[in-house]
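Number of protein chains: 2
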Amino acid sequence: MNQKGLLVIISGPAGSGKGTIVSRLRELAPFDFSVSATTRKPRPGELHGVHYYFVDKADFESKIEQGEMLEYAQYVGNYYGTPKKPVEDALAEGKNIILDIEVKGALQVKEKMPEAIMIYVLPPDYETLLARIRGRGTETEEVIQKRMNEAKNEIKTFPRYDYVVINRDGGVDRAAQDVLTILSAEKMRTLRNADIPENFFR
Amino acid sequence: MNQKGLLVIISGPAGSGKGTIVSRLRELAPFDFSVSATTRKPRPGELHGVHYYFVDKADFESKIEQGEMLEYAQYVGNYYGTPKKPVEDALAEGKNIILDIEVKGALQVKEKMPEAIMIYVLPPDYETLLARIRGRGTETEEVIQKRMNEAKNEIKTFPRYDYVVINRDGGVDRAAQDVLTILSAEKMRTLRNADIPENFFR
Chain A
1 MNQKGLLVII SGPAGSGKGT IVSRLRELAP FDFSVSATTR KPRPGELHGV
51 HYYFVDKADF ESKIEQGEML EYAQYVGNYY GTPKKPVEDA LAEGKNIILD
101 IEVKGALQVK EKMPEAIMIY VLPPDYETLL ARIRGRGTET EEVIQKRMNE
151 AKNEIKTFPR YDYVVINRDG GVDRAAQDVL TILSAEKMRT LRNADIPENF
201 FR
Chain B
1 MNQKGLLVII SGPAGSGKGT IVSRLRELAP FDFSVSATTR KPRPGELHGV
51 HYYFVDKADF ESKIEQGEML EYAQYVGNYY GTPKKPVEDA LAEGKNIILD
101 IEVKGALQVK EKMPEAIMIY VLPPDYETLL ARIRGRGTET EEVIQKRMNE
151 AKNEIKTFPR YDYVVINRDG GVDRAAQDVL TILSAEKMRT LRNADIPENF
201 FR
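Heads up: the sequence lines are chains A and B, in that order.
Per our numbering, numbering through the first sequence is continuous, rising by one, with the last residue being 202.
Per our numbering, numbering through the second sequence is continuous, rising by one, with the last residue being 202.
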């Protein structure tokens with residue numbers, strides 16, 4: 001079977017632990033990295049094509065216009081985004097790709113590539129979310145409340161995702177395994193195996 | 001989490017081995033049986049509510065009219081079908097149900113219960129399909145050709161299913177495990193966990 005790779009989008013609010021899950025996934029199974037593009041200046045030691053594609057503003061904006069960015073956003077005056085072509089090439093070669101991106105970016109990707117598998121990571125409950133956002137206790141109560149409100153607003157986008165994975169304390173392996181289970185099932189979707197019936201017609 | 005049970009539909013052409021997979025699944029995980037209704041007379045030893053719900057023709061037809069049959073068909077003058085209520089009750093109690101039914105029935109169920117998970121079982125290739133349909137070699141070539149044509153026509157409905165599971169020779173355990181993987185993933189669908197975000201709003 002010459003199946004395309006899977007494009008996996010992982011999102012979740014602060015405190016969901018999605019970053020840790022993504023790191024664990026990369027240890028458990030082969031995933032291709034997607035290198036982001038940015039208009040910010042490279043820092044010492046950062047390599048073009050490895051840490052980022054460093055491009056100038058005019059370039060980035062022309063890529064946006066030509067639909068060559070899967071998703072993008074602006075932070076403090078700079079563009080950051082995911083170029084489409086390297087992702088498409090890797091998928092065509094059968095490689096799986098994980099994008100660890102926030103909700104707005106995730107929805108942009110899904111619009112351009114509807115075959116993307118959207119996974120939302122959540123802590124098991126409110127108390128765990130709060131405890132994780134409190135973290136090491138170095139933030140003021142005001143900052144914590146602001147982050148909690150941001151997290152809650154983000155959680156409202158949950159229905160736009162295909163799957164939910166619960167990340168329990170100490171349960172990163174289980175959560176990573178849940179993601180792999182989702183991917184195994186997705187590989188069996190008839191949509192991703194549309195060529196199979198042909199084998200029986202001759 | 002008070003999740004509803006999963007309704008799993010398994011179909012596949014003659015020679016797919018879906019019956020064996022379903023038997024293996026019942027050994028591996030708890031599934032509720034769905035008892036069919038029929039208008040044919042009970043045979044000696046058959047019990048109402050166990051082997052079938054034995055009903056008369058007027059009863060069956062009134063159930064069809066009132067939308068109380070998930071699917072039904074006629075064979076040699078008798079009705080056979082799946083009553084909706086016991087299936088809905090079992091799902092509401094969180095029990096999973098497998099229906100081993102042919103394509104027409106499967107599509108009727110999916111129309112009435114879109115949350116049903118439709119799995120199509122296929123042999124790995126044409127040669128295996130042919131070998132299984134030849135079986136013990138007791139059939140004439142004409143009968144075999146007829147069955148192959150029926151199987152091929154059935155396989156055309158493949159895109160109407162959600163998932164495909166390949167049943168390799170000697171691979172019943174693997175195929176049953178594939179079905180369980182699909183069900184594990186389906187349990188993580190946001191659609192089936194729509195109440196989770198509420199946990200974070202208080």
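Worth double-checking, as some hints may not be accurate.
Any copy, or any two copies together, can satisfy a pair, since identical chains are not distinguished.
Calculated pairs, BS3-like style, for lysine-lysine (alpha carbon to alpha carbon, straight line, at most 27 Å) [stated by the list, open to error]: (1) K187 - K95; (2) K4 - K156; (3) K187 - K146; (4) K63 - K156; (5) K146 - K41.
For the record, the hints were derived by calculation from the structure and aren't laboratory data.
Verification of the hints:
Taking CA atoms no more than 27 Å apart as the test, K187 paired with K95 passes in both settings, with 12 Å inside one copy and 26 Å between copies. Taking the shortest Cα distances, K4 and K156 sit within 27 Å of each other only across copies (22 Å), while inside one copy they are farther apart (31 Å). In this homomeric assembly, K187 and K146 never come within 27 Å of each other (Cα to Cα): the closest approach is 40 Å inside a single copy and 32 Å across copies. When the C-alpha separation of K63 and K156 is checked against a cutoff of 27 Å, the pair qualifies neither within a copy, at 31 Å, nor between copies, at 41 Å.
Within a single copy, K146 and K41 get their C-alpha atoms no closer than 30 Å, and across copies no closer than 69 Å, so neither meets the 27 Å cut-off.
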